[in-house]
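Visitor: Chain order of the listed sequences is P and G.
Residue 195 in my numbering sits at position 195 of the first sequence, with consecutive numbering throughout.
Residue 429 in my numbering sits at position 91 of the second sequence, with consecutive numbering throughout.
Among the clues, some could well be false.
Unchecked claim - Subject to a maximum C-alpha distance of 20 Å in a straight line, what follows is the list of computed EDC-like cross-link-like pairs (lysine to aspartate or glutamate): (1) Lys239(P) <-> Asp357(G); (2) Lys577(G) <-> Glu10(P); (3) Lys577(G) <-> Glu553(G); (4) Lys655(G) <-> Glu638(G); (5) Lys490(G) <-> Glu247(P); (6) Lys239(P) <-> Glu348(G); (7) Lys15(P) <-> Asp639(G); (8) Lys353(G) <-> Glu247(P); (9) Lys577(G) <-> Asp44(P); (10) Lys595(G) <-> Asp619(G); (11) Lys560(G) <-> Glu447(G); (12) Lys152(P) <-> Glu553(G); (13) Lys524(G) <-> Asp536(G); (14) Lys353(G) <-> Glu447(G).
If you're looking for bench data, these hints aren't it; they were derived computationally from the structure.
Just so we're clear, the structure is a prediction, and the values are computed from it rather than from any experiment.
Protein chains: 2
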Amino acid sequence: MEKPTFTPIETIGRKGLIDRIASSFDRHDEGLIFGIGDDAAVLDTNRQGHPLLSSEIYAEGVDFDLTYTPMQHLGFKVISMAVSDICAMNGKPEFILLNLSLTNKISVEMVELFYEGVKRACEHYGVQLAGGDLGAAQAAMNVSVMVYGAAKQPVYRSGASAGDAICVTGDLGAASCGLMILLREKLHFDTTEETVLDPDLTPFEYVVRRQLVPEARIDCIKSLESADILPTSMSDITKGLSATLNEMMTASGTGCKIFEAALPVSPETRHTADELEKDIDTFVLYGGEDTELVFTLPEEDVKKFSELFKDFVVIGKVEEKSHGVKMQTAEGHLMTLT
Amino acid sequence: MEKPTFTPIETIGRKGLIDRIASSFDRHDEGLIFGIGDDAAVLDTNRQGHPLLSSEIYAEGVDFDLTYTPMQHLGFKVISMAVSDICAMNGKPEFILLNLSLTNKISVEMVELFYEGVKRACEHYGVQLAGGDLGAAQAAMNVSVMVYGAAKQPVYRSGASAGDAICVTGDLGAASCGLMILLREKLHFDTTEETVLDPDLTPFEYVVRRQLVPEARIDCIKSLESADILPTSMSDITKGLSATLNEMMTASGTGCKIFEAALPVSPETRHTADELEKDIDTFVLYGGEDTELVFTLPEEDVKKFSELFKDFVVIGKVEEKSHGVKMQTAEGHLMTLT
Numbered sequence: 001m002e003k004p005t006f007t008p009i010e011t012i013g014r015k016g017l018i019d020r021i022a023s024s025f026d027r028h029d030e031g032l033i034f035g036i037g038d039d040a041a042v043l044d045t046n047r048q049g050h051p052l053l054s055s056e057i058y059a060e061g062v063d064f065d066l067t068y069t070p071m072q073h074l075g076f077k078v079i080s081m082a083v084s085d086i087c088a089m090n091g092k093p094e095f096i097l098l099n100l101s102l103t104n105k106i107s108v109e110m111v112e113l114f115y116e117g118v119k120r121a122c123e124h125y126g127v128q129l130a131g132g133d134l135g136a137a138q139a140a141m142n143v144s145v146m147v148y149g150a151a152k153q154p155v156y157r158s159g160a161s162a163g164d165a166i167c168v169t170g171d172l173g174a175a176s177c178g179l180m181i182l183l184r185e186k187l188h189f190d191t192t193e194e195t196v197l198d199p200d201l202t203p204f205e206y207v208v209r210r211q212l213v214p215e216a217r218i219d220c221i222k223s224l225e226s227a228d229i230l231p232t233s234m235s236d237i238t239k240g241l242s243a244t245l246n247e248m249m250t251a252s253g254t255g256c257k258i259f260e261a262a263l264p265v266s267p268e269t270r271h272t273a274d275e276l277e278k279d280i281d282t283f284v285l286y287g288g289e290d291t292e293l294v295f296t297l298p299e300e301d302v303k304k305f306s307e308l309f310k311d312f313v314v315i316g317k318v319e320e321k322s323h324g325v326k327m328q329t330a331e332g333h334l335m336t337l338t
Numbered sequence: 339m340e341k342p343t344f345t346p347i348e349t350i351g352r353k354g355l356i357d358r359i360a361s362s363f364d365r366h367d368e369g370l371i372f373g374i375g376d377d378a379a380v381l382d383t384n385r386q387g388h389p390l391l392s393s394e395i396y397a398e399g400v401d402f403d404l405t406y407t408p409m410q411h412l413g414f415k416v417i418s419m420a421v422s423d424i425c426a427m428n429g430k431p432e433f434i435l436l437n438l439s440l441t442n443k444i445s446v447e448m449v450e451l452f453y454e455g456v457k458r459a460c461e462h463y464g465v466q467l468a469g470g471d472l473g474a475a476q477a478a479m480n481v482s483v484m485v486y487g488a489a490k491q492p493v494y495r496s497g498a499s500a501g502d503a504i505c506v507t508g509d510l511g512a513a514s515c516g517l518m519i520l521l522r523e524k525l526h527f528d529t530t531e532e533t534v535l536d537p538d539l540t541p542f543e544y545v546v547r548r549q550l551v552p553e554a555r556i557d558c559i560k561s562l563e564s565a566d567i568l569p570t571s572m573s574d575i576t577k578g579l580s581a582t583l584n585e586m587m588t589a590s591g592t593g594c595k596i597f598e599a600a601l602p603v604s605p606e607t608r609h610t611a612d613e614l615e616k617d618i619d620t621f622v623l624y625g626g627e628d629t630e631l632v633f634t635l636p637e638e639d640v641k642k643f644s645e646l647f648k649d650f651v652v653i654g655k656v657e658e659k660s661h662g663v664k665m666q667t668a669e670g671h672l673m674t675l676t
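Kindly generate the complete structure, drawing on both the sequences and the hints.
Guide: Written out as structure tokens, the structure is:
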């Protein structure tokens with residue numbers, strides 16, 4: 001494997017780097033009067049719906065590890081995670097601000113790869129990079145993402161009612177399962193004489209992809225709009241299903257009962273959990289980083305929505321608060337989710 | 339000096355810390371339907387003017403040093419810097435998102451002090467904390483601030499015309515001069531046996547305050563609105579006067595001539611520069627971190643504005659592009675500003 005060129009950022013400077021990044025982004029300028037290059041980005045005045053604001057921070061060595069995370073994937077992922085927060089409010093993302101603190105271990109080429117991933121994600125989700133900041137860091141890279149979106153009718157975590165069906169998009173547990181594989185390979189690498197971390201991850205392609213380049217479920221939000229269906233409550237599952245359900249039920253003043261047998265899990269995730277000799281529930285209930293949506297619908301909307309959107313399942317039902325937040329296991333036992 | 343209590347963040351956890359912070363902020367809810375506690379903040383739909391978005395990042399050890407920066411001052415400063423970017427567009431700040439990566443050297447009490455400063459700044463500027471993110475960092479703290487504001491009529495760096503007067507608020511060079519004093523005291527501390535960094539900074543109070551707790555010039559923006567005056571171009575001076583003027587003149591397709599003798603410098607800054615045996619221009623032209631505004635006004639507006647707002651001076655005039663970006667020194671020489 002040829003070693004990539006390493007141009008230190010100091011050779012082109014902060015302004016040189018910003019100019020390179022800005023020039024690689026098309027100026028669609030949809031809804032944007034001025035993007036990168038002044039003291040602030042300026043949006044036009046004719047704006048629809050409720051503005052939504054969200055932000056997330058990622059520290060190298062804690063939230064990502066550059067030994068097994070390609071820069072372009074990191075760029076894609078942080079945009080997906082931000083977009084997922086807007087989807088979780090029944091909104092669509094419009095603008096992104098991106099702040100980076102860069103160490104001297106990061107080259108101009110690595111930053112360009114990062115923004116390639118950012119650009120690909122922006123095009124994928126129809127969102128525009130409107131600004132941000134670049135600075136230096138001593139020991140570890142840091143990424144902050146801010147997203148501006150809009151929702152005609154925001155959906156909160158708090159609107160669920162007893163009797164509503166609890167729905168989940170896609171499948172669960174894959175992202176955290178993929179992380180375990182990457183950590184295992186890194187550990188193996190750290191304890192051998194190999195000089196390049198380049199393991200054969202083909203058998204784990206699905207779970208690793210879900211960890212490194214997750215996709216936000218904007219398709220579900222668009223389908224809800226097309227079907228004219230408003231969930232009673234919604235969140236994304238990036239903190240894990242169990243924690244998310246607890247937050248939603250607390251906010252809604254309700255309890256719930258979900259069924260272990262109904263939880264959507266891909267065969268690849270099951271296979272990987274077996275290979276790791278881990279209980280699949282570890283990933284499915286507590287894993288986190290799944291950019292899927294959990295939402296509640298009145299029973300009559302479930303059928304209507306399923307005619308338009310295929311990639312979701314009902315995993316249980318909202319109950320009265322006194323019921324608690326419970327899961328019925330495959331063996332028929334009721335366990336409390338914490 | 340009694341040693342302050344140090345409660346490790348892990349004893350109350352991420353959620354415990356977020357709950358503490360959220361509970362200390364009043365819910366004014368002006369224009370805000372939902373703030374901290376869901377996947378995104380939700381603003382109301384009846385919004386005036388052009389939305390403005392800006393963000394900045396601060397890395398410990400690069401942009402701030404906790405050995406001489408009290409946490410409450412850091413909290414105040416990062417909000418001031420964000421607000422300054424919105425003022426620089428002729429806008430008013432409305433909402434802040436704050437992302438922190440925290441190391442295990444940061445206690446719960448230190449985070450609370452930081453947010454005390456944030457709160458004081460939010461009240462001072464009439465801006466609301468609407469959300470953010472908290473995470474861990476291995477080696478250095480990191481702060482990202484995102485600000486949402488609005489401007490009826492945004493002012494860019496690009497609208498200056500030959501003949502316009504160049505105006506500057508307040509005085510220049512103090513923030514960077516204050517930094518030099520703090521760095522000198524830190525160096526002294528590092529090379530002695532003292533165990534607590536607690537120097538007598540009384541003679542340098544003004545410049546140190548301007549470094550640690552700068553104030554954004556929202557008063558100037560409000561006065562411009564009251565006077566019904568729209569600058570032709572504007573920016574803040576956080577990157578230093580010389581760099582800022584170059585950016586504005588390039589964006590405007592103009593040159594300019596400023597007068598060294600007209601540059602506003604406080605007696606305290608002059609005194610400190612003398613004490614440091616440094617040329618005052620180092621701070622005034624290239625210093626940076628001054629949350630002052632530079633703006634251009636047609637000649638007839640200068641007098642009108644000065645009747646309402648006292649804390650600005652004219653430092654020179656916009657010229658044709660061919661003139662370059664020049665300063666006439668006190669001795670009468672013309673020098674190019676780079």
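Visitor: Each hint should be assessed against the structure and marked as holding or not.
Guide: To see whether the hints hold, each was checked on the structure:
Of the supplied pair hints, the one linking Lys239(P) and Asp357(G) holds, its CA atoms being roughly 17 Å apart against a limit of 20 Å. The straight-line distance between the Cα atoms of Lys577(G) and Glu10(P) is roughly 18 Å, inside the 20 Å bound, and the hint therefore holds. A distance of roughly 15 Å separates the Cα atoms of Lys577(G) and Glu553(G); the hinted pair therefore holds under the 20 Å criterion. The suggested pairing of Lys655(G) with Glu638(G) holds, with an alpha-carbon distance near 13 Å, which does not exceed 20 Å.
Using a Cα cut-off of 20 Å, the hinted pair Lys490(G) and Glu247(P) is violated, with the two alpha carbons roughly 39 Å apart. Using a Cα cut-off of 20 Å, the hinted pair Lys239(P) and Glu348(G) holds, with the two alpha carbons roughly 18 Å apart. Between Lys15(P) and Asp639(G), the direct Cα distance comes to roughly 34 Å. Violation of the 20 Å bound is thereby established for this hinted pair. For the proposed pair Lys353(G) and Glu247(P), the alpha carbon gap of about 11 Å is at most 20 Å, so the pair holds.
Under the criterion of a C-alpha separation no larger than 20 Å, the hint pairing Lys577(G) with Asp44(P) is inconsistent with the structure, at around 27 Å. Only pairs whose Cα atoms come within 20 Å are accepted, and Lys595(G) paired with Asp619(G) is accepted, the gap being roughly 16 Å. With a C-alpha separation of about 36 Å, the suggested pair Lys560(G) and Glu447(G) falls outside the 20 Å cut-off, and the hint is violated. For the hint pairing Lys152(P) with Glu553(G), the CA-to-CA distance comes to about 37 Å; that exceeds 20 Å, so the pair is violated.
Between the alpha carbons of Lys524(G) and Asp536(G) the distance comes to roughly 10 Å, so the proposed pair stays at or under 20 Å and holds. Our distance criterion of 20 Å between C-alpha atoms is met by Lys353(G) and Glu447(G), whose separation comes to about 15 Å.
Hints 5, 7, 9, 11, 12 from the list above are not met by this structure, while the remaining hints are.
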